[in-house]
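Novice: The chain contents come next:
Protein chains: 4
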Amino acid sequence: MPESGTTSGAPRVSEIGRMTGFSDGVFAIVITLLVIELQVPDHAPGELLHALFEQAAAYLAFLLSFGYVGVLWLNHHTLLRLICGTTLGLNWINLWLLLGVVIIPFPTSVLAEAFAHAGTDRDRRVAVLLYALVAAAMSAPWLAFFAYLRRHPMLLREGIDRAFVSRQRIRPVVGMALYLIGGALGWFVSPVIGLVGIGVMIFFHAVTSEGVRRGRSRRRTTT
Amino acid sequence: MPESGTTSGAPRVSEIGRMTGFSDGVFAIVITLLVIELQVPDHAPGELLHALFEQAAAYLAFLLSFGYVGVLWLNHHTLLRLICGTTLGLNWINLWLLLGVVIIPFPTSVLAEAFAHAGTDRDRRVAVLLYALVAAAMSAPWLAFFAYLRRHPMLLREGIDRAFVSRQRIRPVVGMALYLIGGALGWFVSPVIGLVGIGVMIFFHAVTSEGVRRGRSRRRTTT
Amino acid sequence: MPESGTTSGAPRVSEIGRMTGFSDGVFAIVITLLVIELQVPDHAPGELLHALFEQAAAYLAFLLSFGYVGVLWLNHHTLLRLICGTTLGLNWINLWLLLGVVIIPFPTSVLAEAFAHAGTDRDRRVAVLLYALVAAAMSAPWLAFFAYLRRHPMLLREGIDRAFVSRQRIRPVVGMALYLIGGALGWFVSPVIGLVGIGVMIFFHAVTSEGVRRGRSRRRTTT
Amino acid sequence: MPESGTTSGAPRVSEIGRMTGFSDGVFAIVITLLVIELQVPDHAPGELLHALFEQAAAYLAFLLSFGYVGVLWLNHHTLLRLICGTTLGLNWINLWLLLGVVIIPFPTSVLAEAFAHAGTDRDRRVAVLLYALVAAAMSAPWLAFFAYLRRHPMLLREGIDRAFVSRQRIRPVVGMALYLIGGALGWFVSPVIGLVGIGVMIFFHAVTSEGVRRGRSRRRTTT
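These protein sequences, in sequence, are chains W, D, B and F.
Just so you know, we're using the numbering used here here: the first sequence kicks off at 10 and counts up by one.
Just so you know, we're using the numbering used here here: the second sequence kicks off at 10 and counts up by one.
Just so you know, we're using the numbering used here here: the third sequence kicks off at 10 and counts up by one.
Just so you know, we're using the numbering used here here: the fourth sequence kicks off at 10 and counts up by one.
Honestly, the hints are just simulated from the structure, not real lab data.
Certain hints may be false.
Which stretches of chain W does chain D cover? Using the computed rule of at least three CB atoms under 8 Å from a CB of chain D, they are [stated by the list, open to error]:
| no. | region |
| --- | --- |
| 1 | 44-57 |
| 2 | 90-101 |
| 3 | 131-143 |
Here chain B is said to cover these stretches of chain F; the calculated rule only asks that three of the stretch's residues, wherever they fall, bring their Cβ under 8 Å from a Cβ of chain B [to be verified]:
| no. | region |
| --- | --- |
| 4 | 38-50 |
| 5 | 74-82 |
| 6 | 100-114 |
| 7 | 189-195 |
Pair by pair, the computed Cβ-Cβ distance ranges are [to be verified]:
| no. | chain 1 | residue 1 | chain 2 | residue 2 | range |
| --- | --- | --- | --- | --- | --- |
| 8 | B | V182 | F | F212 | 36 to 46 Å |
| 9 | W | S199 | B | I45 | 32 to 42 Å |
| 10 | W | R131 | D | I179 | 51 to 61 Å |
| 11 | D | V182 | B | V183 | 46 to 56 Å |
| 12 | W | A65 | F | I190 | 32 to 42 Å |
| 13 | W | R176 | F | L72 | 26 to 36 Å |
| 14 | F | F62 | D | R176 | 33 to 43 Å |
| 15 | B | I45 | D | G55 | 40 to 50 Å |
| 16 | D | V198 | W | I45 | 24 to 34 Å |
| 17 | D | P54 | B | I45 | 32 to 42 Å |
Quantities reported herein were computed from a predicted structural model and do not represent experimental measurements.
C-beta atoms are modelled at their ideal positions from N, C-alpha and C, and glycine is treated no differently.
Go ahead and model the full structure; you've got the sequences and the hints to work with.
Specialist: Here's what the structure looks like:
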């Protein structure tokens, strides 16, 4: 175990082992709890097949959220590979970030209910807007994480420079903007279009999960 | 922590620590959530014993799925012993694989409900078919995992050769074929026969969980 | 990571890291899920306090099972400190052992329901008997674990001798016997006496959680 | 793995790896389970937005408890950084401490129900009192933890002195006193004032999560 002492006055630095273990536990539970939304449908005898098909929207919401949490985990994986230690401040930002992860099953089940059952068009707009707002709010702690690392470069792992960290801030900013646009589309135009916009956004996070880099300056940040 | 750098252009390799921790978390939660299906049965005063016996099908479904997830964990255990590092691509395949694990409680509870309560013969066929289809679909990411390792032998742990990895592909292929046959038997012939077929298939995965090997070429792949 | 190779033919030995992580995950989830049984009671407006008191039996069942799972974790902690590696066979026994842990919330909620609500005396006898039978059945894999270690002393950590392992077999045997007696008392004599007997048994496991040893031969098995 | 042997007669010391992993698992699950309280509200078609707003109290209870468990995790993080080994006695105290963590969702949902739905003023007083009593009772094992460390200084990590440990005892004592005052305020004066008092208390634990220290003697206790 590396002991990375700090000078008195600077925040105390500790290992990231427990931060990683706790975060992985939270991600694992959230991604698994999503399936609880999938219930055996009430059905008349002999009508199970029909009832299962009627739940198609709930399956889609499940897959959407599974993909979302999976992408978040990959992004978190990359995030923690930037650092070699943590502080109380960074632990708080990580907790804030996990709050966003933990809350996902709630807008997911609102979404699934609005699209599956007797949801009206208005309820669907509400559900898409709620999902978009939660997703946008979840981007804030990621921005705070990068900002904190810029101010405390001593936490950066060897081989990671501040310029790389600065570039990453574009991701949560784009996230916030586009989730809000997706929510607005869902609210003012059509809930289905809003849902597609959210799906596009998750895809954006998926392809940038290893960080935004410039063409040839692809640094070696292996772990 | 070993730093296994890669040449620029090749996928970045990172440690498998978090992949392992996250996967173990997911397996632990899924195998524990199965028990939630076991509810105290509604019963008239004094009729608890009778009501408990009437749930026999739910207990069997619980044991079947516990054994299934346990076998999957043993197989996953063996799988990760093949590699010494992971990449973004392999993380995606692992997430896909975990999707299959996470989803198990849903077809399990459909199965339990169809066999326990007022399920008709038709509903039971549907439930067996659903279970078989999910189990067959779960085999695909395992095939993808082995295929990925064949194309990226640098991820293989010392002492594991590509020929061994190639041989393992037979397992998910047999899995897919036999689960589909089990589902077809359940649908066209008899739900109980289909269920037996699925049980046989899980047993096959159990006995091959350390990998398929040839008689005497038993390599030492200790970890 | 130590590589402990084995000669061809002997079972392959692997590290206990994942076995430990997976087991800890299962224990953590089970001990946490117990609280789900504690529900906000239905109550008339202003009658919350009264309704909370009426749930006293559910609180006791919760505490009993929390203590039980805690004791099991401590015992498991001591168990894994005996070994320095695992095999496929030992993984199977560990899964069997975890099956017993995972199932605890079910007899617990049966017990809570029988003692809390409109349970008759007969239902309470059934609930105590069920709890005792499950607890007795849970002792079997512990016996199998010790028996396996006796046959494979190479898995024992340095400083642990076979005689110590042999002595431990007394614990699951006593467990099985006394749980069955507790169940019989609950069934034939009085459910409350049976419950007390189970509590005594859990206490016995608590005080012997570090293993049964002879007076002065207290070996140093620090980890 | 460091082997820290003890002289015969003294309690056997073992590593804190499993204690940490198990505790992190429990914290991760509790903080994630809190979201289960957030249910899609029953609502007339088209009234989803209105119904979501009516659940405001449940969202507040969720955030309060998320912050609480988060603060507890940070405190536990700091706690385990004091020690370099554990004993059976300390494992028991840690289990007792986790009992307090695990139980949080129950008073939280009582609180949410009393403030959200048709709760009367009297029910709200009961709910605030219950929350305060549980929170006060949770402080006891923290005090026991510090007391145990004072009696077994060999468990302290290098660089941590007994005086520092002694000073920490003030925190659970203040916690117990103030939670009880908060509960009394909620019971005798106003449930809302009691709730504010509890919030203040959680804030106190948050700002002291790295331990109470004297002005300039700020020791370097990096890990």
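Novice: For every hint, state whether the structure bears it out.
Specialist: Hint-by-hint comparison with the structure:
Figure legend: the region 44-57 of chain W, annotated as covered by chain D; annotation consistent (10 residues with Cβ-Cβ distances under 8 Å, at least 3 required). Check result for the region 90-101 of chain W against chain D: violated, 1 residues qualifying (beta carbon to beta carbon below 8 Å, three or more required). Beta-carbon proximity to chain D at under 8 Å applies to 0 residues in the region 131-143 of chain W; the threshold of 3 is not reached and the given coverage is violated. Given a C-beta distance limit of less than 8 Å, the hint that chain B covers the region 38-50 of chain F holds, as 3 residues qualify and 3 suffice.
Check result for the region 74-82 of chain F against chain B: violated, 0 residues qualifying (beta carbon to beta carbon below 8 Å, three or more required). By the rule of at least three residues with a Cβ nearer than 8 Å to a Cβ of chain B, the coverage given for the region 100-114 of chain F holds, with 8 such residues. As drawn, the region 189-195 of chain F meets chain B at 0 residues by the rule of a beta-carbon pair under 8 Å; below three, the given contact is violated. Separated by about 53 Å at the C-beta atoms, B/V182 and F/F212 break the suggested range of 36 to 46 Å.
Here the CB-CB span from W/S199 to B/I45 is close to 39 Å, well matched to the stated 32 to 42 Å. The given range of 51 to 61 Å is respected by W/R131 and D/I179, whose C-beta atoms sit roughly 54 Å from each other. A C-beta distance of roughly 49 Å is found between D/V182 and B/V183, which places it inside the suggested range of 46 to 56 Å. Between W/A65 and F/I190 the C-beta distance comes to about 54 Å, which lies outside the given range of 32 to 42 Å.
Taken as a hint, the range 26 to 36 Å holds for the pair W/R176 and F/L72, whose Cβ atoms sit roughly 32 Å apart. The hinted window of 33 to 43 Å between F/F62 and D/R176 is violated, with their beta carbons roughly 60 Å apart. The beta-carbon spacing between B/I45 and D/G55, approximately 27 Å, falls outside the hinted interval of 40 to 50 Å. A beta carbon spacing of about 33 Å between D/V198 and W/I45 agrees with the range 24 to 34 Å that was offered as a hint.
The hinted range of 32 to 42 Å is not satisfied by D/P54 and B/I45, whose Cβ atoms lie roughly 25 Å apart.
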